[in-house]
Amino acid sequence: MATTAPYSEPTAETAAHLDQIWHTPHTLYGRLATVDHKIIGIRYLVTSFVFLALGGLEAAAMRAQLAQPNLHLLSPEAYNQIFTMHGTTMIFWYAAPILSGFSNYLWPLLLGSRDMALPRVNALSYWLFLFSGIFLYSSALVGQMPDRGWFAYAPMTELRYSPALNMDFYALALLFLTISTTVGSINFLVTMLKMRAPGMSINRMPIMIWSTATISLSVLFALPSLSAACTFLFFDRRLAMHFFDSAQGGSPLLWQHLFWIFGHPWVYIVVLPAMGMASMMIPTFCRRPLAGHTYVVMATIMTGLIGFGVWVHHMFATGLPPMAMSFFSAASLTIVIPSAVTVFAWIATLWDSKPVMRTPMLFLLGFVVLFVIGGVSGVMTAALPFDWQLTDTYFVVAHLHYVLIGINLFPVVAAVYYWFPKMTGRMMSERLGRWNFWVMFIGFNLGFFPMHISGLLGMPRRIYTYGGGLGWDVANLVTSIGAYVFAIGVLLFFINVIVSRRTGAVAGDNPWDGGTLEWSVSSPPPEYNFLVIPTVRSREPLWEDRLGSAQRSSIREGPTLAEGRETVGTTPLDAELARVLTMPEDSLLPLALALVTLVLFYGLLLQAWWVAGVAAFGVYIVLNIWLWPKATEPLSEEG
Amino acid sequence: MSVRSRCTGRTPGLGASAAALIAWLGSACAGAPSPFRPASEPAAQLASLGWLLTIIAAIVCVIIMVLVLIPALRGWRATRARELPPLHRGDGERWIVIGGIAIPVVMLLGVFVVTAATLSKTSHPPTRARFMIQVTGHQWWWEVHYPSPDPQQNVTTANEIHIPIGEPIALRVDSRDVIHSFWVPQLHGKIDVIPGQTNTFWFRADSAGVYRGQCAEYCGIQHTHMALQVVAEPRAQFEAWLAQQRRPAVAPGDALALAGRAAFERQACSLCHAIQGTGAAGKLGPDLTHVASRMMLGAGTIPNTPGHLAGWIMNSQTIKPGNDMPQMYIDGASLHAIMAYLATLH
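Residue numbers (numbering that gives the first Met the number 0), protein chains in the order written: chain A, 0 to 638; chain B, 0 to 345.
Derived from the structure by calculation, the hints contain no laboratory data. This structure is a prediction, so every number in the text was calculated from the model and none was measured. Heads up, none of these hints are tricks.
Derived contacts from chain A toward chain B, CB cut-off under 8 Å, selection only: (1) M155; (2) P288; (3) S325; (4) A329; (5) V342; (6) L349; (7) V355; (8) V368; (9) V375; (10) L455; (11) L456; (12) L546.
Stretch by stretch, here's where chain B covers chain A in the computed footprint (C-beta under 8 Å, at least three residues): (13) 67-78; (14) 250-261; (15) 307-320; (16) 469-480.
Ranges of calculated distance between the beta carbons of each label pair, as one might list FRET restraints: (17) A:G468 with B:R93: 48 to 58 Å; (18) A:G563 with B:A101: 48 to 58 Å; (19) A:S137 with B:P325: 25 to 35 Å; (20) A:S137 with B:M313: 31 to 41 Å; (21) A:G563 with B:V65: 55 to 65 Å; (22) A:R159 with B:A309: 27 to 37 Å; (23) B:P325 with A:G468: 27 to 37 Å; (24) A:G468 with B:M313: 19 to 29 Å; (25) B:A15 with A:I487: 27 to 37 Å; (26) B:V209 with A:R159: 33 to 43 Å; (27) A:I487 with B:P146: 56 to 66 Å; (28) B:A261 with A:L158: 33 to 43 Å; (29) A:L253 with B:M313: 38 to 48 Å.
Even for Gly, the Cβ is constructed at its ideal location relative to N, Cα and C.
Just chain B, with the same shape it has in the complex (with noise of 0.2 Å):
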């Protein structure tokens, strides 16, 4: 986004300064999962409403600040004199009638009037969902679970969330500790996520893309690592993906990465970590069956690359520190062979 100065030949005036620093600001937050670039229906509906009510509040802040600044320059000059003014009786109820009360009411209740109108538009979806997808929080990280009529045909993964395009999402959300919140800016607000108690909730996207999504709700020490993706695709990419993760692990092929899957269900790995169609069945940390299919590690915290996940199996508190995985001692070549078995994992 560059904008080019139009001041041709003399030095840049101030527009062109303030153009070229807003471009700059600009270009600094651009990126950001924020909530004025949405990416689906019900998001713009809310991005709306903000832009209204930042609007509103702009014009507010400006008027009065005109109207204390006017009787401050008045009595910036009236002091100079030295002299204390006299004492005298003033009235003003009519300010406090028009400006305190009359003014007010009637833009509270426009602003009220379109919030329910927001509201209502946003807080349930136009159309029944096709599909609901489950999150389960965990501190720090992700569950995440496509329940299917049918039992064998569940998913279970963590940290990555793909949705087909243009459709509406239901989601149920609740935790297995304490409260978390979820939150993809771009594509819907927030909704808590606590224990006990399965709050429902639903999203969207209208256009392809990666979303990034953090927990909102503080949650202790590793609060601050916890994000997820959500990976919007056309309907036929997403269901190829659905079909994929409804697979158990295939059995490799090669002898290294055989040794891999055995070094990963003798070590400590198995106790907390599950690979469906593997004797790893460990329930606390995250289902890793297509963990090579996913493009972060950790919640969000590096990117899934041999390296990255080399280190963060050897000791991911230097990564991540206070969560819940512990400093690892494996030798070279059980690690090779793990890496070797975890790259299959598609």
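The shape of chain A in the complex, shown without the other chains (with noise of 0.2 Å):
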């Protein structure tokens, strides 16, 4: 097409046929089939936060227990299962899709386009999500949880030592899981590469896609180890392999090899993209662009670069050579600087300027502070014979709360309250906000800081109980005090979530007066996203006139490509106009290639092996359908 040819403001006439071609009808066919990157983002948070709700759950029935010693309100059985899905289900189903949510949902906003490169993958990984999600927690009806513990060490994971399906489970939906989170990523990497906005060169996007593209790479390199661990610890159990069985010449090292290569990753998968949502929330309410953007997008890639030479430090009372070992324990003092190179990225972003005290900022600050409390235990536990005292006692427990919770939650709570007018067109809340901030504050440092002296006092964790006389009484029962106050803290949040969705003030397009592009948009924006395709000549194309930018990006005029479901490709680092890309219509082959592989994976479960293999050719025969081409497309796209 002519990429030259000047653009005038489109007319209404434009936009209602673009809202026509774009339109997703509100049908059961519609809902099932929808490919909206918007609708998917919001399923994503939504689903996410279920999961949340349930870990939640989960927790309260453990602090009950330890609030005080010997108490019997759970089982061992019941309380081992209890702690094994808290930490899986937060960790893998709700950590990291939250953020897949967020940048669903707010890519294509950001970008400038008008959807995620594979939309009808994206829908997928949305499915497959669901289902391993329904399928871990199918679990609960049968009363056969994982209860191994989130990181399952063989061989106790082996069918000698857990003879029922507690395991198979386990293994099986971590399995599912994986290929929702590998297609999404090689989504968000072929967006960042193919989809922004013209003009959007490499140095010009938010840091929030820096972060998730980063934690995509991440997860291709990172997840390969998780899904051979799972599916070695399947073939152990179900075929009579000994991948982890030392008896027969396997080695229970091994799982905690593989295990750790890709948990340590995971771990910065599930911060980095908070931390990119903060560095794009912090500008905003301090009135300036980041200081130190190039700084902190170093800091991003390092940090994901580092967080693959670290994982022995989760194996430093194993054995290992001393020497082998302060490799990776200086490695792990090493991703201190990234971090503390973003940390005071903001800082010298909120020094220079009178923030505006929103709510969102609150939880910002909030969770700048938590960060740091969590970076210096993550410290000491690096310092390796320290850590011989340290790991696997509540001490680490509490590092990773202020990791998880610090790192992950808050910020995800303040993109909630400052994203929310953009998906929904209402404010949530301030004076609500304000409480649920304070609360949620308050009830964490109260449940979670005194874990670290519980630690110190030598509790190990995972533990059922404790006996009176050994000292850790007062430091459980404060932990579980503020373990329930922080409850009502998120309940709080909640409660804003659902009544300002009704009674919301107004938002208007940008209440914050945010820079950067979703907040040209309308609240909540079109389905088509944008009117027309921007042109963008800086990191704040929408602060550019105030703060005296040299060139201006082009918002309002521009190609609207009103022909078809239709959207600009660009080229990879400097972002020029390549093609016209033909964006896919609403189908329901992502939902039918989940639910056959939901299938499968009971099939596995059940060792039913031909519905496993009926299902495997049903993937197969999908997959066909999917990616049949189409008479009627040109060919000449992707070559």
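Each of the two chains sits in its own frame; use the hints to bring them together as a complex.
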């Protein structure tokens, strides 16, 4: 197409036409077949919050049991299932998918695109995520929830020590979820490389794109290790193999290496995008661009990279040679530097401005404080010989909650307060928001700080009760009280979301006066996102006039591409206009593929091999239909 | 540890209340098997590294909190004005270079040097250990073995380790089933107990006492109740203990205890438990040759008193649900006799 044609402001007619082209009907078919990234993003968010609530209920049960010594509210078997499900749910079905939700919703809006690069893959990744979670929780119906801890050390997971279905559910549900995460990551990477608005060269990309792209790359390298581990585990259990069975020449430590080679990058996978969102929000409230944008980008990438070189710090007590371990100790300390760079970029941004202290900002400042506490306790565990005292104690439990709640949940809540107006057109209650923050922040610290102390008093993790007289009573009681206060804070958040959706003040397009492209469209955005494809000339296109930028982006004028579901494809580095992309229509195929995959996994679980076989063939058939070239499609697109 | 208020005659001030709170918390934590109450040279090394890291951590946290709080308070006042401040450009790279790179690099180098120094002081004993203890992890108890050049002199016991004070003890650990972790916080750090792999470590105690240890790696339904006691005593006392442990069980003198021994051998007990010098040679459960000499039962779960022991024998599942010892059906007379016999096993 002719890229040099001058554009005029599009008419209302064009808007109506685009509406028609991109509209997903509000019918059952429309709901199941939609490929709209905004709907998928919100589904991801809601589903992840449901898993957060489930994991929270599990935590509440645990804290009731541990409030006092020698309580018997839960049987040991029940406690072990519940703590395993708590960890597994929070880490796999909440912490990463919630960030995928934000990225799915926001990426095309940040990039000036009308959808993700692969919309049907996007729908697929959501359905797989949902079904894998249902698969996992169906274990509760038969009373055989996973019970070997979320990192499930072999050989306790082998059939000999765990004969029921508990760990089959674990291995298969994770394997199931990795498919979702993998296709989702590929989608993000392709979108980043191809779908940016013309002019959004790589140095103009918002930080959130950098962080999600970094972790998407990490996922592609880290997740195969988990998939392999879970496959081996299932083979050991149900096909009489011996990957982790030392009696037959296997190695229990193989599981730990495979798991943590995946597991440590995963820590950054569930925090970097949240940090990226913080780097988007803090500048808005500080009324200035982020200090040291390039430093933060480099730090994000460095964190992703170094994250692959530290896994052995989870294994400091396994008897590896001290010299080998000290390299990993050093690498683990090194990772402080990119984190410190990012924190000081935020502090520098704060320092020369008068931050507007709205609710998202409260959560963001709380997040910075919790991030630092979680970071320094991480340094303590990285100090190899002292980790011999800390590992597997409540100190580590405290550390990981400061990291995961501090660096994931707090910025996530901030992000909901921040982008809720964009998603729904309404503001969340500011007054309830303040209560929400203070109850959550105080409850969190009251609950989780004393866990450092119980750990330093020698309390190991994963015990279902403890005797009196060991000096752990007070710390545990305070932890339980704090945990319940924190839960009330999270409840206030949910209440605020539900109430504000109906009664919140009308937001307008840009309630926070943000500088990035998502604030240039209406709230909620039209189904086609952008009436015209914008041309971008800076990192904050909406602030250019007021910051006196030399170059001006074009937001109201540009190609309308109203001949079909179309958006533009650009070049990877400079984002020069390359081609017009035809985007797919709504389709039931992603749902169908996810459903046959679900049947496949139930077949494997129940060792009904013929069911699994038929379902595998079903997967093949659906993929064939999906990928079958359409005669009407122009052949020029991707060669 | 009582703290006396210095505020005489007046209402207790904030400082006194804080001191009282700290004292109360201190007493609440007394008796904890804490790494910060070291009873040995290596544990003391780890504790000083731990204190150093804690202090650095606290300082860093306070500085960052101040750096966040000052602009927040400034912003708080500006937010009341209800009008958004104008957009502005700003820099701040100096913050990043100094606070984000220069200071952390120096600090982390320091931390790493101290860490490496502590590692070299604690990973191996300063002098060669005079003897070695072999610990085997089981679900959910510890088998303790004192090997001797003369196999006749080997000692096997469970859940209670006696050591002489003031000398390094070499430790070899392995597992009969799943992964456990051997940890006596006041004496040294953890070493994982992994099936198919013998890990070596060491520890010592520098003051006499009983130190609680506990399995630190989640190992199944009764991970919670997998503790052990380390009894550190002067060399002579230790030698006496070891000599006693080396003897097989003595045939009891009275008829009741003899009947108890017969019952033990006849009942299911002997299928899992061994008593040296008798027909009981089971290998699945703890060796009971000197069970009466131990302080605790069920891997640190209950004290070794006649009532607890009888309850344990009849239905340990109510005490430690899921452990491998089945519910026993022993008539009262046999139980009475078995109790009398076990009491002789010093």
